[in-house]
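Protein chains in written order, with this note's numbering: chain A, 1 to 223; chain B, 1 to 223.
Derived from the structure by calculation, the hints contain no laboratory data. Glycine included, each C-beta is placed from N, C-alpha and C at the ideal position. Careful, some of the hints might be misleading.
As the list claims (entries may be wrong) - Quick look at which bits of chain B chain A covers, simulated, 3 or more residues with Cβ under 8 Å:
(1) 37-43
(2) 155-169
(3) 180-191
(4) 196-202
Here are the chains, one letter per residue:
There are 2 protein chains.
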Amino acid sequence: MRNPINIGALASGGGTNLQAIIDNCEAGVIDGRVAVVISDREGSGSLERARKHGIPAVHAHVPKTGTPEWVQANRQITRVLRDHEVDLVCMAGYMRKISPDLLAAFPGAIMNIHPALLPSFPGTHGQADAHAYGVKVAGLTVHFADAEFDQGPIIIQAAVPVLDTDEEDTLVARILGLEHQAYSQAIQWFAQGRLQISGRRVIVDGVPTATDATLVWPPVELG
Amino acid sequence: MRNPINIGALASGGGTNLQAIIDNCEAGVIDGRVAVVISDREGSGSLERARKHGIPAVHAHVPKTGTPEWVQANRQITRVLRDHEVDLVCMAGYMRKISPDLLAAFPGAIMNIHPALLPSFPGTHGQADAHAYGVKVAGLTVHFADAEFDQGPIIIQAAVPVLDTDEEDTLVARILGLEHQAYSQAIQWFAQGRLQISGRRVIVDGVPTATDATLVWPPVELG
């Protein structure tokens, strides 16, 4: 593996996760550099963030999923990623499916983050769905991408309490703080060559094999 | 609410959760007494445990779910629970659906425990399904029962790490230790009159409204 690694980011929206990745690369927390940012939305904040940091920012027009034009657009994205010698593709709020071609071009090297404890609450409204369901523990998942949304092998998960006082926005905020840490950590493990995919399981080299860490919510008061 | 409350337990299997409830009642940790144990399996360990503690132990033959005979059997169970002046029904490894009649007879007063972070991994193999999926965080859910399995309002959830060294049995054991605490805590909150169901949400009176508790697995190492 190249060191630092070249990261290619796919985004659709404002890109606070992208910003955290850029910042952690610049701070040396991640042994990597963001080599290119590609967004399917021309005016998106993520392209703006990239330009501010002198990172090539590419708008890719991505037609309707599943059409031949969508396949072509994904080939074009693949080409851009390869032109920038990308080692790891990070989906950071990219709201589109990626094509089998693109997946095959970066085997075991495309990551995504989802703001729920998968397989609970997949889809585009993870935190809102968790809040509406009434769970007491919510969270996030960083995982490798696969042909479906939100179903690839899991690298790291984080769990947080849902408070009785929570509304959707406060739950979003509680999870977001951890998203930045967890995603950067997963990327750094990749950069260090410590991730190994074995079936549906991701083995992280050097993880403790014993712990009594738990999160119980509401907290148990029994003596 | 009567104090101590009368608990009626429904069981199918060996009943380690039942044993924890009995022990915590006898120790005064739960303001309750187990008034009757009903099992759909005649030789089950749960009936044996009940008898050892001088608790009435009733075998109920429960025919195929959905049949008129199943409805009748559920009416008979309801009658036994009422005869023992049960305030709270606790499903403790009871592997059968309960009828709408039985549900209606104890509104907001039937609890169940499931060894997964619902809505992930419902059904009879929660821990095995979580292990096979490759989640990094697993757990348990204590919830009020509803007409479907594993879908009622959630009282308490507990999250634990899944270690790379885990097999199904070690994960089962890690979750089981918390099951006993969490279920007894939920019962004690009920006995104290501190649970209020509001739509899909269960409000527990006196719970902290701020916390920075999290469980991240594998642990984040970034500086």
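Tested hints:
1. Three residues within the 8 Å Cβ limit are the bar, and the segment 37-43 of chain B against chain A gives 0, so the coverage statement is violated.
2. Only residues whose beta carbon comes within less than 8 Å of a beta carbon in chain A count, and the segment 155-169 of chain B has 10; three or more means the coverage holds.
3. Against chain A, the segment 180-191 of chain B contributes 5 residues with a C-beta closer than 8 Å to a partner C-beta. That satisfies the three-residue criterion, and the hint holds.
4. A count of 4 residues in the segment 196-202 of chain B with a Cβ less than 8 Å from any Cβ of chain A is obtained; the coverage claim is therefore met, three being the minimum.
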